[in-house]
Structure formats: structure tokens, C-alpha cells
Amino acid sequence: MLTKLEIKSTRDTPFVLFDPENNVFEINGNSLPENTNHFFDPILAWIDNYIKTPNKTTHLICDFEYFNSSSAKMIYNIFLELEKINESKNKIHVTWYYEIGDDLIEEKGLEYKSILNIPFVLKKK
Amino acid sequence: MEAMNIDTTFWFFDRISEDNLCLLYNGSFSDEITNKLIELSEYNIHNNVSLKKMKKKASFLMAECFQNIVRHGENIDGQEIDYVDEGFFLTKNWQGIYYITSGNLVENNKISELKRQLEKVNSLSKDELKLLYREVLANQEISDKGGAGLGLIEMARKSGQKLDYFFQNFDDQFSFFYNQIVLKSMEEVFSPNDESPFELKEAIEYHQKMTESNILVIHKGDFSQDAIFPVLKIIEENLQKEKKGAVSKKKIFHILVELLQNISKHCYVENNKKEGIFMIGESEGYFVINTGNLIQNEYVDDLKDHLDKINNLNGKELKDLYLDKLRERNLPKKEGAGIGLIDIARRIISPVNYSILRIDSKKSFLTINVIA
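Here the protein sequences line up with chains L and Y, keeping their order. So the first sequence is residues 3 to 127, counted in the working numbering. So the second sequence is residues 141 to 512, counted in the working numbering.
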């Protein structure tokens with residue numbers, strides 16, 4: 003099994019935990035790094051490996067405080083990679099958390115939901 | 141109150157365009173905000189070879205200014221007054237000279253005592269100041285607010301100059317107490333006999349203009365991530381005090397991040413620096429944000445096309461364009477700004493106003509103005 007990916011949060015990058023063994027997939031916090039590729043490329047590479055032999059069910063939890071528009075693109079790329087799990091018998095679904103009244107994060111979630119082929123649930127915190 | 145308009149922007153741009161760096165702040169002074177103002181100033185100093193040597197001294201003097209602002213400002217005589225923690229702060233580097241100016245409200249009935257202390261400090265020699273410092277340390281009665289006396293002595297000692305100050309009447313109860321320190325990067329201190337090209341009265345004029353036009357922050361300098369962060373925090377702290385809902389705060393924050401990171405990512409880099417000017421103020425309940433920075437001429441046409449295009453789209457069309465850009469794979473690197481500007485356009489009440497002025501064969505100056 004693929005070793006887990008764990009990235010501690012910083013002032014401008016989110017906490018990431020992709021742990022296949024315990025079946026925990028979580029990303030939360032702020033994302034506004036100066037160089038988005040530098041932060042997200044290793045995550046995308048990890049996912050690229052993971053989707054070759056994914057868990058039966060992958061449940062990704064997203065709980066963002068804030069992300070900038072170049073991160074928005076990278077987050078979309080993460081979803082797009084994970085979407086490929088659908089092509090096998092395995093399943094992927096996403097829960098997108100937002101604070102009550104946080105229109106920005108709610109709206110971003112609704113937008114992803116509208117353009118992805120993944121079961122995508124928005125939840126108020 | 142007069143709205144912050146484009147004339148105000150140019151009034152400041154004209155005056156600070158020659159500065160290597162300039163930070164102007166007109167707002168409330170919490171510990172968080174003063175920490176970030178110091179962090180930003182230290183970052184600016186650190187990045188300037190000619191200033192590096194005086195980093196420690198400048199930091200100390202800034203902290204001392206804030207101590208004065210906070211100590212004199214807070215909860216005067218137990219009364220709850222909204223504006224007592226409001227103040228003004230300026231740091232400016234111009235041709236190797238570094239200025240630190242602060243302004244804070246003091247009660248009118250305390251002015252004469254404060255003046256007496258200032259004059260006393262100014263009348264003493266270096267050695268006499270040292271003696272007075274020890275005396276005050278041993279005898280806490282000098283000021284009922286505790287540190288004011290010591291603070292003034294320390295400022296005079298560390299800066300090695302007479303304290304340059306001015307009292308400007310504010311209302312029946314308060315006056316602004318302004319104080320300016322001038323540091324020269326080459327010599328240890330600025331000699332009191334030298335003419336200072338930037339006088340305290342000019343700093344006071346900046347403050348008055350900022351107050352009239354409701355401007356919170358003006359920053360000219362480097363716009364790397366390390367400089368953007370303190371700016372964001374300072375504004376975020378001020379937004380917390382606003383009566384606006386969380387929606388609006390997040391929206392303003394988002395627009396700021398996008399605009400400031402656009403400078404950082406796309407500006408014309410000179411001497412390894414990502415320089416720009418940024419200004420935020422309020423007008424009729426809305427936030428007005430202006431940025432200015434150099435860009436390479438080769439990006440001008442595409443940027444114009446892009447901005448003209450998004451300025452002609454309605455909300456629905458902007459959303460569709462945003463989603464299209466989100467789905468596009470392998471965007472060319474420089475197009476990163478595209479999606480950010482679209483997302484800004486979706487959240488503002490004005491168009492993305494812009495002007496592009498050709499400087500020379502390589503670069504142009506881009507200004508962007510939005511109201512949200």
C-alpha cells in the first residue's frame with residue numbers, strides 16, 4: 003500500500019493528509035502560496051500513484067478557510083485526478099465544508115460540484 | 141467625508157514615487173497590528189542593503205513609537221471612547237534616509253506636561269540623558285502612565301537627536317501628538333543640524349489627507365509574499381472592527397490577495413525586487429483598492445484585451461468564463477493572472493478600472509482600481 007502523504011499547514015499552505023491505510027483523506031486550512039505548482043505538484047503526483055490501486059471507497063474531506071484563484075485551479079486538478087477512480091469499480095466522493103455565512107467557500111464548492119462527475123456534498127460547519 | 145478618489149491616489153503616488161519604500165498607516169493600533177507593521181518595516185529594511193545596519197535601531201524606535209501610541213491611547217481616564225486607539229504611522233526610505241513618524245491622540249490637559257518632558261529631554265546632553273534615564277528608572281513618579289517619560293528619553297538616546305514633535309488640535313478633548321525620527325543609513329545618526337528633506341509637517345499633511353479620504357494603508361515597496369502577508373493581516377484586523385458581515389470581509393480579503401499576488405507574480409522585476417504601490421481606503425461604505433506596478437511591454441496587449449473583455453461581461457458570463465478557465469489544462473504560465481482578474485471582476489461593483497502608461501521600450505506602468 004502507498005505510504006501516506008502528510009503535509010503540515012503553514013501560513014499560506016493547507017494541511018494535507020492522504021492516508022490510504024486508515025482511509026483518511028483530508029485537506030484543510032488556507033491556500034495562497036507564492037508558487038502553487040511547487041506546493042501542489044507533489045500532491046498530484048501522489049494521487050496519480052494512488053489511483054492505480056485505490057481503496058474501495060475514497061472519501062475526500064475539504065475544509066478550506068481560504069484559497070486563492072491559482073490554488074482553485076490546482077484543487078480542481080486534484081478532483082480531476084480523483085475522478086478517474088470512477089473508471090474502476092471503486093468509489094470516490096467528496097464532502098466540502100464551509101462556515102455558515104462564508105459565501106466565498108460555499109460558492110467555490112457549488113462551482114466544483116457543478117463541473118465534476120463526483121458525488122459532492124456541501125456541509126455547513 | 142470626502143471619498144477616496146483617483147485624484148487622492150495620484151496625490152500620494154506623486155509624493156511617494158521617489159521613495160525606495162513607504163508605508164503609511166492610519167487606523168487602530170492593536171498589538172497584532174503593531175507587530176505586523178514592525179514585521180513589514182523590518183522586512184523592508186532587511187531587503188535594502190544600505191539600511192540593513194540600522195535594522196535593530198529602527199525596530200527599537202518603532203516599537204517605542206507604538207508603545208507611546210498604545211499607552212497614551214488606551215482607555216484614558218477610564219472613559220470608553222472609540223477613537224483613542226486610532227493613530228498614524230509612517231516609515232519611509234528616501235535616498236538612504238529612513239524616517240519613522242507616529243501620531244497618536246493625547247488628552248489636551250496632558251499636553252503641557254508632555255511638552256515639559258519633551259523640552260527637558262531636548263535640553264539635555266547625551267550624558268545628562270543617561271543620568272536622567274537612570275533617575276527615572278529608580279523613581280517611577282515621572283509619568284502617571286508609566287513608560288511615557290522613559291520612552292521619550294530612550295527615543296532621544298537611541299536616535300541621537302532632538303525629538304521632533306508637533307501637537308495638532310483634534311477636538312475639545314484631544315490633540316494629535318506627532319513625532320518624527322530620522323535615521324541616516326551611512327552615518328550612525330542624522331545630525332540635527334542637517335536639513336531634513338522630508339519634514340514632520342509633510343508627514344502630518346499625509347495623515348490629514350488619509351483621514352479626509354478615509355485611507356487605511358498605503359504601501360510602496362517590495363511585494364513578495366513576505367511583504368504581502370503583514371499587509372493582509374493589518375487589513376484583516378481592521379476589517380474585524382468593521383460592522384460589515386463575514387461575507388464582505390472574506391470578499392475584500394480575496395480581492396486583496398489576488399491583486400497583491402498579481403503584482404508579486406507578474407510585475408517587472410528590477411534589481412531582484414517586485415516593486416509596486418498599493419492603497420486601500422473606504423468610500424461610501426465600500427472599499428476602494430488601487431495598485432500600481434511595472435509590467436513588461438510584451439504583456440500589455442494581452443492584458444488590455446483580457447481586461448476589456450471581462451469588463452464587458454455580466455455576472456453570469458464572468459462565472460462561465462471563470463469555470464472555463466478552471467477547466468482549461470496546461471495554461472501558459474503568465475496567464476495565471478487571467479483567472480484571478482475574472483474572479484475579482486465577479487465580486488466588485490465597479491469595472492476593473494485600469495491605465496497603462498508606457499515608460500520605455502521595456503516596461504509600462506499599470507494601475508488598477510476596483511471598488512468592492
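A couple of the hints might just be wrong.
A few chain Y residues that face chain L, going by a derived Cβ cut-off under 8 Å, partial list only [claimed, not checked]:
id, residue
1, Phe310
2, Gly480
3, Ile499
Covered stretches of chain Y, as calculated for chain L (at least 3 residues, CB under 8 Å) [to be verified]:
id, stretch
4, 187 to 199
5, 396 to 408
6, 458 to 467
Okay, the calculated bits of chain L under chain Y, using three or more residues with CB under 8 Å as the criterion [to be verified]:
id, stretch
7, 53 to 64
8, 67 to 75
For the record, the hints were derived by calculation from the structure and aren't laboratory data. The C-beta atom is built at its ideal place from N, Cα and C for all residues, glycine as well.
Quick check: the stretch 458 to 467 of chain Y, covered by chain L? Criterion 3+ residues, Cβ under 8 Å.
-> Since 6 is at least three, the answer is holds.
Interface hint for Gly480 of chain Y, Cβ within 8 Å of any Cβ on chain L = This hint holds: Gly480 of chain Y lies near chain L, its Cβ roughly 4 Å from the closest one there, short of 8 Å.
Check, residue by residue, whether the stretch 67 to 75 of chain L contains three or more positions whose beta-carbon lies closer than 8 Å to a beta-carbon of chain Y, and give the verdict.
-> holds (count 6)
Between the stretch 396 to 408 of chain Y and chain L, see if three or more residues pass the 8 Å beta-carbon test, and mark the coverage as holds or violated.
-> holds (count 5)
Interface restraint verdict for Ile499 of chain Y against chain L (beta-carbon cut-off 8 Å) | Where the cut-off is 8 Å and the nearest Cβ of chain L is about 26 Å from Ile499 of chain Y, the hint is violated.
Let me know if the C-beta of Phe310 of chain Y comes in closer than 8 Å to any C-beta of chain L, holds or violated.
-> Given a least distance of 37 Å, the restraint on Phe310 of chain Y is violated.
Coverage of the stretch 187 to 199 of chain Y by chain L, judged on three or more residues with CB within 8 Å | violated (count 0)
Outcome, coverage of the stretch 53 to 64 of chain L by chain Y - at least 3 residues whose beta-carbon is closer than 8 Å to one in that chain | Our answer is that it is violated, as 0 residues pass the Cβ test (under 8 Å) against chain Y, missing three.
Checked against the numbered hints above, the structure breaks hints 1, 3, 4 and 7 and satisfies the rest.
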